[in-house]
Every structure is written in C-alpha cells, then in structure tokens.
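Colleague: Here's the letter readout for the chains.
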Amino acid sequence: MSKLQEKLAAGQFVVTGEVGPPKGTNVGPLLEEAERYLKDTVTAVNVTDLQTAVMRVGSLAICRLLKERGIEPVFQMVCRDRNRLALQSDLLSGAVLGIENVLALTGDHTVMGDHQGAMPVYDLDSVGLLKAMTKLEAGTDLGVDIKGKPNQLDGAPKFFKGCCVTPCGPNPAAQIIKLEKKVEAGAQFVQTQAVYDPAVFDKFMRRAGHLKVYVLVGIVMLKSAGMAKYMNTSVPGVQVPDDIIKRLADAAKEDREKVSTEICGQLIRQMKDLCQGAHLMTLGWDHCVPGIIQAAGLA
Amino acid sequence: MNATERKPKKDVLEYLKDAQRVFILGCQGCPVGCEIGGKPWLDEMAALVAGAGKEVTGSALIDMICNKALVGIRLGRLAAQIEAAQAVLVGSCGVGVQAVGNMVARSVVPALDTICMGDYQGLWPSEERCAECGECMLAYTGGLCPITLCAKSLVNGSCGGTRFDGSCEVTKERRCGWQMIYERLERLGRLDDLKHYNVPKDFRKRDISDAYRRTIRWALEVVEQEQAKEVKTKGK
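These protein sequence lines are chains A and B, in that order. Residue numbering for the first sequence follows this note's numbering, beginning at 1 and increasing consecutively. Residue numbering for the second sequence follows this note's numbering, beginning at 1 and increasing consecutively.
Note that these hints are calculated values from the structure, not bench results. The hints are all genuine.
EDC-like cross-link-like pairs, simulated, lysine to aspartate or glutamate; straight-line CA separation at most 20 Å:
1) A:K147 with B:D202
2) B:K195 with A:E180
3) B:K205 with A:D123
4) B:K205 with A:D145
5) B:K195 with A:E184
6) B:K201 with A:D123
7) B:K201 with B:E135
If we strip away everything but chain A, and leave its shape as in the complex, we get (with noise of 0.2 Å):
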C-alpha cells in the first residue's frame, strides 16, 4: 500500500505536491529541488504529463526517479496522447517499477498547446482509464480473446486509483455525476482543480457527501495578480475571488512570495475541515512548500 493510501486510510491529513518535468534531458534541478523542498515536507508528489499539451519528458520517467529518491510519486496520466494498447502498457510499466499512485485526466487539447497539429486521440476518456485499471488488478484488461473472455495477465498489478473534479467550475451538478461515475470506475481519491473559494467549496463537498472517496482540495499558486486575473479569464474552472486578487496588488514586488504563501496557507486552513487533504501545484516555487505547511498550521 502507498504511503499515500496509507495516511488517509488512517484519517490523517495529507499534503502532496506536483512537479512538472522539463523540456529536454536536464533533469537535475527538478530532482533537487523535489529532494530539498518536497521530500520531507508532503506525503506524495504528482508528476505531471504533458501538462497543458506541451511536449516534455515523461511523466513515468520522473515518477521512478522520484520514487529513487525516496519520494513517493503519484503518475499522472492522461488520455490525450494513447489508445487504450499504450495506456494499458504504460500503466504494467508503472506497476514493474514500483509506482502504486495513477491519477487519471482526460488532459487538456492538443490545441492548448505546443504541438497544435497533433492527433488528440481520447481512445478512453478518464472513466474508461479508471475501469482499465481496476481491470488490470483483476488480472484482465480491455481485450477479448478469440473466443470473447477477457485476457489474462501473468501478474496483475495493485494501483491507488486517482481522479480529478472541478469543484467551482460552472456546473457542478454535472461534475457530481462524472464523479459518481469515476468512483464507480474504481476512483479511490480525488485531486480537485484549483479551489480559492472556502464556500463553494463546501456546497460542493456536501453535494458530493455521498460518495466514498478521499478528496485532496487543489491549491494552484498565485504568483501575481496578474497571474490570478489570467487564471479568471483564460483558465476553464477556476476563480479566484477579488479579495485574494486585491491582496497580491497591493504586496509590494518582493513581498509577493509571502504573500502568496500566506493565501495558499489560510485556504488550507479554511477547508481542512472539509476534506482529507490539500493538493499544492506550486508551478516552480518548490520552495515555497515548507512555508506554506507551516502557515497552514500543519507542520
């Protein structure tokens, strides 16, 4: 069992962080920033997967060095860029080396990002990678022999099963329903998109009462206000309300990174109580971690 799964079964709060992996083969500044920043600081770190489209190493990759290092990865995967064959494979791959948490993502448009022409090829869609991997750990997977039985596996893998939710996106009721499906999928937790807003947050989370699943509220970090405003305008799901945006205005230029690690800790603060965890996605400011857990009164 990861030490993920492990920490929420005991009903402890959890923290994770995210990292990004970089364009081209120079890998060591994010392996040190994880081992200094992250290691001792969150209980897992989500490595992404062609985030926002653009082409970089992988997140597998990553995941294993991670995983080296002594911490424990979660490997994002979406169903942008596999049929169900490389996802399937990728997902045994994982297994083999050690890697127990998926979080599976539809993923964003080819459109969104650096390879604009590129086939989107969404074979599955994030509640068909779920049931692949809960097939998988029965020892099957999506295939038929010739005489219609699901194949077999020689070894099946065990997975901590992961999705997403937009819970302040513009309509939550059918959120809820997407969610319901994943969790029937075999969803054992859920990493939410950004949340800025403690209220709607929790209207949400009683809306989403029924269902057994581990919820991690998304926290992305807010650089500027500038960069909140963008995330207003041009980022689907997410809004940040104008108090926080006023309160990065009016921070001095080089006070901006407390300031910004002080809002990420009060928002922790505010909705620990309705969840079981936070998900930090930091965008480079690793080292902000530390900070943050201790303005959110967890460390």
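Dock chain B against the given chain A, drawing on the hints supplied.
Modeller: What follows is chain B alone, placed relative to chain A:
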C-alpha cells in the same frame, strides 16, 4: 446515400426500458436503399414495441428525416401522437435522429447504427453531426452527439475544460458539447441518462464490413460497372 445497419433488438428495447408509450418514425430515404427501412421496418418495430408490452402512440414515414424543416412540418400534424409518447424511436442515420431530437421535446432513440456517410451530412449539412462511429449513443445524450459536438469526443461527460460562459477550452467560438447535452437532458427531465457508463468505442465499426461490401447497394455505388455485374449476380 448513407449506409446504416440495424441495432440489435435487445439494445433498442434497453434504450426504451423506461418508456411505456412510444412513437415510431422511419426514414424513407437511405435506409430503404440499405434494405432496412420503409414500411416493413415500421411494422417490425411496431411489433417489437407492442411485444414488449408498450403502447405505440403512432408512427410515420418521412422521405428524408435529415431534412429538419420537413420533419418539423410533417411532425406538426402528428403533435398529439408524439406528445402522448415518452420516446420517439427513429430509424435513420445519426443526422436524422438529431434532426428529430431538435424538433420534438421528447427523448429520441436511434434504431440504426450509421456506418458510412461518405462525408454526406444528409439534408442538414450546416455542420458535421454524425461521425459514422457505428455505435450510435444518441439514446443516452438527449439526441445530441458527443462524438461530433465534444472537441475530445468524450463519451462519459464533460472534462474540466468547460468555461463559465459554457464554451469549450479549445475555442470560445464553440460551445461545450456536454454542456449542451446537459441542458437538453435537463429540459427533457432525463439527467439520469448522464449516469449511464458508455464503454469505449469499437473502432472496427468505423470500417465498412465485409457483409456490406457484398450488397447490391455497394456494387451500384462503388464498384466499377463490369465488376458490378459480377457482384450483383453473386449477391442474388
């Protein structure tokens, strides 16, 4: 001409499981050419629906169901029979089913799978509405197709990329297909249809089957004249 195949009867009955009263609408265009439409189809479906203990509130044949305006005019005269039904069973290509869904405030159920349109979007050609997936799922999506409406062709609901104005993450010029489906199902009082798990598509169905390649229709439309004679003789 669009090529369609019949769905298995058990699938049709599954789609209709919570409809006690059904209106049946058949296309007299392409499905007749595929030898699966017209009056014989209508009679067979009426027997199927009645045999399942349901009431047939009425039925009609329309020349080209993909002609939305024509559907509107023809169905206008049958409004009472359609209103009395809880679902409309439609024997046409995916474009036709969507045209009916657009015109009537009832759940529409496809009786056929569309396997090849040859880039012909019927008589409602303003945009691509049917991608010939061969596994029509319009029964669960309020008669709106997520394969053509969703930028990612997702089959189990929207991703996290729906914007607050209901547009798609790909472009603000495009509405989120699943948001449209949500709104349609909400109007129909059928939001529970969203809970149905849709299995991944079988991409073999996007190809023309061997059986279809042996039909007279295939010979007439595709094969060269001399070969066609041979195929026709064999087909007999």
